[in-house]
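Trainee: Use these hints to put chains D and Y onto chain G, whose structure you have.
Given next are the chains, with one letter for each unit.
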Amino acid sequence: MTEVRRLQPQFPTLERQRDADHFGMLIFLSTEVLIFGGLFVALFVLRAQHSAEYAKSSMEMHYWLGGINTAVLLTSSAIVALMVEAVKSGSARLAKWLLLAAIALGLAFVAIKFTEYALEYRDGVVPLLSPAHLRPGAGTLFMDLYFVATGLHALHVFGGMTLLACLIWPFGRARRDTSAVFAGNAALYWHLVDVIWIFLYPTLYLAR
Amino acid sequence: MKAVRTILVAWIALLALLALTIAASFAPLGPALPFISYAIAIAKTAIVVWIFMELRVRDGMQRIALATGFAWLAILFILLFADELTRAWPR
Amino acid sequence: MTEALSHMNPRVSQEAIPDTAEERRSYLAEGHSLKSWLTTTDHKRIAILYLLSITFFFACGGVAAALIRLDLLTPAPDLMTNDGYNRAFSLHGIIMVWFFLIPSIPTTFGNFLLPLMIGAKDLAFPRLNLASWYIFVFGGLATLATVVLGGVDTGWTFYTPFSSTYSNGAVFMAIVAVFISGFSSILTGINFIVTVHKLRCPGMTWGRLPLFVWSHYATAIIFVLATPVLTITLVLVALERVVGIGIFDPHLGGDPLLFQHLFWFYSHPAVYIMVLPAMGVVSELITNAAHKQIFGYWFVAGSAIAIAVIGFMVWGHHMFVSGQSPYASAIFSFLSIVVAVPSAIKVYNWTATLHKGDIVIDGPLLYALGFIGLFTVGGLTGLMLTMLPIDVHVTDTYFVVAHFHFIMVGGSVSAFFGALHFWWPKITGRLYNDKWARISALLIFFGFVMTFGPQFLLGYEGMPRRYHVYPAVFQPLNVMSSVGASVLAVGYLFPLLYLMWSLRYGKPAGPNPWGATGLEWTTPSPPPKHNFETVPVVDKQAYCYPVGGRGEQSRPRTQQAEAGE
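Chains as they are written, first to last, in the working numbering: chain G, 43 to 250; chain D, 10 to 100; chain Y, 37 to 601.
Treat the hints with care, since some could be wrong.
Partial selection, computed: residues in chain D whose CB lies under 8 Å from chain G [stated by the list, open to error]: (1) Leu29; (2) Gly39; (3) Leu42; (4) Val66; (5) Thr77; (6) Gly78; (7) Phe79; (8) Leu82.
Once the Cα atoms are required to be at most 20 Å apart in a straight line, the calculated EDC-like pairs of lysine to aspartate or glutamate come out as [claimed, not checked]: (9) G:Lys155 x G:Glu102; (10) G:Lys138 x D:Asp68; (11) G:Lys130 x D:Glu63.
It is worth saying that the hints were derived from the structure and are not from the lab.
Every residue, glycine too, gets a C-beta built ideally from N, C-alpha and C.
This is chain G alone, in the form it adopts within the complex (with noise of 0.2 Å):
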């Protein structure tokens, strides 16, 4: 098979290349990590400081769409993780079918956000934009924190869904290299970014 990967000057061997590679995403998973749990701070102080007007304005969250869209990115987490084993044993073409359900299964899930927060602008409880039933105070912050938070997830879905559209086009030969260095940090990504939608979804939907 001819060599998908180039060993660059400053590493021994392919395979601490490859270490490297990983080591360093995972680093970078952690900054993520700090990135988003600087807003749970902020969701828990405000809990804390304000814990019944917290509740009341969770408890009017469409948690029937979270919940259908906790399940859409579980299941692009299985299918990704699928994507990966297939990339290792090979199965180039079988993992560009798996990358196109699990962008799809993306796009789903922002589809879903969107009919949530249009949802939410008719219902009135979108800050500045149709504040017509936003409780002041408490309120008002329970929904400001909620767009900033999902809004930067929504963002970080994106670009998961870039990471793994790449690995379609343009390198596709990633998905030829049976160690699955870039498949393997595309999919890390994405997982991370499932983990932080894991925690969200109590944290804004079922805080009652």
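Mentor: Same frame as chain G, but now just chains D and Y:
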């Protein structure tokens, strides 16, 4: 393949935990609800991290690399809430 | 005369010396075009790019400092308006912290030396390294834009709700600048950590790493774990400012203290980013000056990691008077006292290293001694500040200003200059006249003490920080401080002159002009693009100077295994 089976089992477990967390939020758990919710979230995260992110087969440094983010977040939470929760205490 | 002592003789010649053979084969000769510099992935060239950038920002921050000290010559607000003065100290802080001190040693000497010291050909991710520099430059451009847009008046600390709601300055642009620069830090941190783990040459175990590497490893951990929290905090302040989300606004149910917690969670470890690399430099300078093994290697290495870790648990000591719970304040006070211990261990160990060493007093040693003395004063006054009753009295006064300048300027900047002088021959291949280095070191030391010593007294007597109006009784000390600042400025400018001079007139340095032990001294000066022709093999400890000092060696010793040994 074994790996595929493991992934599918993990997926089923995750969906089951999701159902559990939604159900729990309607159960009369009172102040215990957040603890249950986050325990379930941690369990889901553990599955994603251990199986999907393959921490199960990675070497120690790679595991530490990911764990550190969570550990440091814990430091932030613990010391910050040491202030938040005690501000109202009598002096 | 051995090479080790030859540096005492004048090392510049009367005529310009053309490029040596080493220089023609070095990393400097790999392309002379601007494009070759702007698209390089060579860590050594990227270090030079950073060196030029941070020198520029040091000058910018220095101009702001000059304006401040000029205004403070008189008790009246005569040089700048109140708003103007607020902008001066804010820009001084933002530029000096994020665009000079935090990058300074890691991105220049860290980038240049880390691969050389561990026997590697480059960092783990060279393209990411270049990306870090470009991101830093974009952040810098945003800072300049902030100045052009009228500046920012919130202080470098951006406290809410002033920054988020009430300020009329270019807060958003300043936040963008710092936000962007944060990504540069994170990428550099990832690069350093992976490099130290994965690219050490055969025989270079963790226990044989130079302490400079340990310090930069600890610094990289802080880069990676602290900066993201600043990133999200700045996003929240920017959103509050632009959209008014209210998270820090008490009128809307928000909590201003939340900002302070999130901000200082980053900014306290950030000060360890500013000092740990300097401590790594000092370990190198002291062992070389004494030509002696470091006293307590594992204690010095471990203390760097301890500072990095415990440094994350002390941030509340910036908030003792903010309304923070006194119980939390007590916890933070205790932890802050604990974090002083590893720093003290380093100072003891450096001192013990010098004891009975074969000491040669040259420029780098004077800078290192300046660090040790000034850092100790800064550290002790820091311990004073950890005590709640003292802090309540002197917080937000010049006492605090003096404390942190003793550490960051007296400490870190002195170490930066020490590094510049010690590794200049390696980076450029040229020697300079050490007499000027010693004069500059002394000017910097005495200028510094004259500038910031009086500020302890001013603060203790009650002069608030960030004010340019003060009671007339404080004027003599303020005048002394401002005069000291001019001496300090001269001390900082001198090296610019004689080091630039040495590029043409300095004698060729040879691979190891100091007789030092690190792997970087086994390469030609300046090194070739890929550092090592063959991968080094290490079989000795760091600082493997022979017992008995310089007299017993006929050639410089390094860590590298010799052929046939």
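Trainee: State the violated hints by number, sorted upward, taking the hints as numbered earlier in the document.
Mentor: Of the numbered hints given earlier, those the structure breaks are 1, 2, 4, 10, listed in rising order.
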